[in-house]
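Chains as they are written, first to last, in the working numbering: chain A, 1 to 370; chain B, 1001 to 1273; chain C, 2001 to 2305.
No wet-lab data here; the hints were simulated from the structure.
These numbers were taken from a predicted model, which means no experiment stands behind them.
Where is the CB? At the ideal position from N, CA and C, for every residue including glycine.
Certain hints may be false.
[Claimed, not checked] For lysine-lysine, the following DSSO-like pairs were computed, each having C-alpha atoms within a straight-line distance of at most 27 angstroms:
1. B:K1260 with B:K1189
2. B:K1189 with B:K1100
3. B:K1057 with C:K2215
4. A:K187 with A:K123
5. B:K1182 with B:K1057
6. B:K1002 with C:K2135
7. A:K340 with A:K350
8. A:K123 with B:K1260
9. B:K1182 with A:K79
10. C:K2200 with C:K2215
11. B:K1002 with C:K2200
12. A:K129 with A:K187
13. A:K79 with A:K123
[As the list claims (entries may be wrong)] Covered stretches of chain C, as calculated for chain B (at least 3 residues, CB under 8 angstroms):
14. 2015-2025
15. 2125-2131
16. 2165-2172
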Amino acid sequence: MTQPKPNPAQSVRLMNVGKNYGAVCAVSGIDISIEPGQFVTLLGPSGCGKSTTLNMIAGLEMPSEGRIMIGDRDVTAVKPADRDIAMVFQSYALYPHMTLYENIAFPMRSRRRRTPEPEVNRKVLSAAKMLGLESMLDRFPRQISGGQRQRVALGRAMVRTPTVYLLDEPLSNLDQQLRVQMRSELKDIHQRLGATMLYVTHDQSEAMTLSDLVVVMSNGRIEQVGSPRELYNNPANLFVARFLGEPGMNILDGVVENGRLRGADFDFALPEVAANAGDRISAGIRPEDLQRDPRDNPAIRGIVRTVEYLGSRSLVRVGVGERTITAFLPPSDDIPAGAKIGLSPSDPDKMRFFQTDSGGSLHHPQKTSG
Amino acid sequence: MKILSRTLLLLACLLAAIVALGPILWAVSTSFKSTNRIFAVPPEIVPQIPTTQHYSKLAAEGVQWAFLNSTGYAVLAVLIALILGSIAGYALTRYPVAGKPAILLVFLGAMAVPGFAVLLPTQMLATGLGLYNTWAILPIIYAGHILPFAVWVTRSHFATIPRELEQAAEIDGYSRAEAVWKIVLPGAKPALLAAATFGFLHCWNDYVTGSTMVDSPNLRTLQVALIFFQGFHGRDWGALMAGVVIATIPPVLIFLLFRKFLIGGFADGSIKG
Amino acid sequence: MQHPPLASQHSLDVLARRARLVGSSLVGPALLLVVAINILPAIYGFYLSLHEVFFFGNEGFAGLKNYTELLRDSFAWQAIGRSLLFTFASLAIAVPLALLAAMGVRRLGRWGSVLLTVLLVPWAMSPIVVALLWKWILVPSPGGLVGAIFTAFGMPPQDLLTDPVLAMPTLIIVAVWRNFAFATIILIGGLGQIPRDLYKAASVDGLDAWESFCKITLPLLAPSLLIVISMLTISYFNEVQLIIGLTGGGPIRQTSTLAYSLYHTGFVELNQGKGNAIAVIMFLINMGLIAVYIRILGKQAGAAA
């Protein structure tokens, strides 16, 4: 099966969108541009405004400011029914009094999109086949399992061939094993449909595995937009650096002296970044980019707090000054808790530096705040 | 021991059932006995020579029109209360409404006011408005009696229907009104049926409101007509019991049909009234 | 930085205001009808109670005259006494019966719901029709149902409804017969909410059936009992249709409760000012009774929790 060509009408743009509830600001200054056929994830901790943003794209909530475009159409004040979108809810929102067949057929039977019954039947059956639901179409939602409900919700979204799919934490009610399975099914479906999909999750592994583009949000603002690789390798600020990765990037705060970054128990050479003597700078190192340094004068000196053996490697927590950092070290190393340990970056180019006060990355073009 | 207590329990239940249904069955039996057999000693449990003469007598007195009046009033009142009540109940769970706590208090307070206690001023107000002794007055008053209850029941049921179901329907291409009609109302069917049953019983079983708000014989409710009939034919027990039977069939039938919803609503506490 | 044109703040405000307007206009009709039928007459009734009103004619402000006259009238006090007697005697029979029935229904399982339905049939009937029915049941003749029972015990049939001593108890029995099962529904719900594990724990702790009924069932049932007792109290205290149909307040006013006096004063004597004063007094007593129940049973429930 060849991948369908993206249709320019399937693009989505949010322009400076904001939402207030009374005096409380839920989200503000949201600018996102989504290309047709992209899989885009809104990622962030709960309460960061990602669901509000999705609801505004769906038309379930009205933005307090800004514009929302689908294709070249301004849909800011358009009713949900007229946006030609499909949405999968966290709770699946299956209609309890309808069979699975009726649930999946429901979007095609509205007055707006009255579809001839033979076509309804054909589409329901083909969606059911794709999702492995053929044998249970006459059952009711309460009679099937969580994973099956999830598929029905997807089926209901698919039969419409909408311009955009919105998925609000669709996997969060499934158990771990099923979640991983549905994750790859979802990716497969996206590739087969070639549709624009906008996905909300707080689970970074879902975001990283599924997305072309990830929008990291916190406190109602966008922290960074980029491909999973960009976000991981080159976080725009300290929030993204700490948030992505399991565990997140280690951050060490220091002061620039003689072209080096120094702090309690560490000392790095600074690469070619704009920093002046006396600047407060934070260094970021991924746990897997640290290695043991047996020299007398290692880049980082610390005390081993705990060691978690993970089979292929060990996760070692090391106290450095007042902070605790983490490092993935070979499992063969026998490291007793309480021992002194020296660490250094295995590849200094992979280190990232941030302004301690603003949190901004020194590797990104500086934006004026706001 | 266990068998003994089980037997005792069954006997007690049988006795309870006889006490509950016995008088009603006795009335049914009486209504089919010819007048000269009614006082037979010892009493005939089953009429030896059944007759429908008492029912014919009621028909000759025009009681069937009162039956139709009662039915019409009750159906109209239930319809008004369910429509206005479910609309209000929906709005109270889904829309910002100015003064919501005060409005809820009004509905709750209205449920606590016994309709009978305000009958006198209601009669005077109805007279002042020219509604006394019209066909419209009883449906309006009955609807007012059962409305707070209908609002309360539908509201608490709508609150349990996730907002996301409607949102899903709106995204699926339906208007808000269509979403309510196709998703919310079918979901609230148990609550609506419970409210309708309770409301119908209230209206049909009323006597005091019917006897004080209308006067004309052609506007009378069945209950009022039976009391008038009793006034003229006080000792005609056969005909009176025939009246009891026809006045009992509709509410008991409705109760039996919808008891599941009514009992369910009361038992899980979603109905209090 | 160039900002794209914003959605008009004005139009979004309009949308929010429209939502509030829609909400209020959906609630409006129901609210209007409820206020017109329930609240407004209550206020008007209080107003009328402060006036001399006869035969639909308002003859002027009377202050508390209607009330003071009532309070000076020994018949009014007797009516209050009869109301309380009727209410509490009915309650005293109905509540234990309802509790017994509730436990029986739960014990019976599938047949329990049949029994409950059977017991509820009288409740589905009209009180005035129940009155007619029982008049016939109680007819003092050997051919009547109760008369036949008297005859079977070798006694002449008594007219229970015209006996000054027996009329009230008879009325109470009919009232309980009609609606005690309604309380059963709520008590079944309440019993269902008591965790079964508590009874297992109690039997492990050595409590017998009666003790676990007193120490587990009753305290945990207190909230349901409160609802049942409040609802039955209001229902019995305001019962008028059964009395109109069965005794008409007689014999010699022995069954003339406050509710019946209201009916008689307002609708038969057409003394509407005084009738409304009775209604106001009834309303106050209703509220007082409910407040007392909430106090007593609320405290018990609090202690049990």
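At least three residues with a C-beta closer than 8 angstroms to a C-beta of chain B: is that true for the segment 2165-2172 of chain C?
Coverage by chain B is violated here, the residue count being 0 at a Cβ distance below 8 angstroms.
Hint consistency between K79 of chain A and K123 of chain A [alpha-carbon to alpha-carbon, up to 27 angstroms]
25 angstroms, holds
Take a quick look at whether K1057 of chain B and K2215 of chain C sit within 27 angstroms of each other, Cα to Cα.
58 angstroms, violated
For the pair we were handed, K129 of chain A and K187 of chain A, check the Cα-Cα distance against 27 angstroms.
Roughly 17 angstroms separates the two Cα atoms, so the pair holds.
27 angstroms Cα cutoff - pair K1182 of chain B, K79 of chain A:
18 angstroms, holds
Can you confirm whether chain B covers the segment 2015-2025 of chain C, using C-beta to C-beta distances below 8 angstroms and requiring at least three such residues?
Answer holds; 5 residues pass the 8 angstroms Cβ test.
Apply the coverage criterion to the segment 2125-2131 of chain C and chain B: a residue qualifies when its Cβ sits closer than 8 angstroms to a Cβ of the chain, and three qualifying residues are needed.
With 5 residues close enough to chain B, the hint holds.
27 angstroms limit on alpha-carbon distance, applied to hinted pair K1002 of chain B and K2200 of chain C
18 angstroms, holds
Proposed proximity, K1057 of chain B with K1182 of chain B (alpha carbon, max 27 angstroms)
With Cα atoms ~48 angstroms apart, K1182 of chain B and K1057 of chain B exceed 27 angstroms; violated.
Proposed proximity, K1260 of chain B with K123 of chain A (alpha carbon, max 27 angstroms)
Since the Cα atoms of K123 of chain A and K1260 of chain B sit roughly 39 angstroms apart, the hinted pair is violated (cutoff 27 angstroms).
Verify the proposed pairing of K2200 of chain C with K2215 of chain C, using a straight-line Cα cut of 27 angstroms.
13 angstroms, holds
Can the restraint linking K187 of chain A and K123 of chain A be considered satisfied, given a maximum Cα separation of 27 angstroms?
21 angstroms, holds
Checked against the numbered hints listed earlier, the structure breaks hints 3, 5, 6, 8 and 16; every other hint is satisfied.
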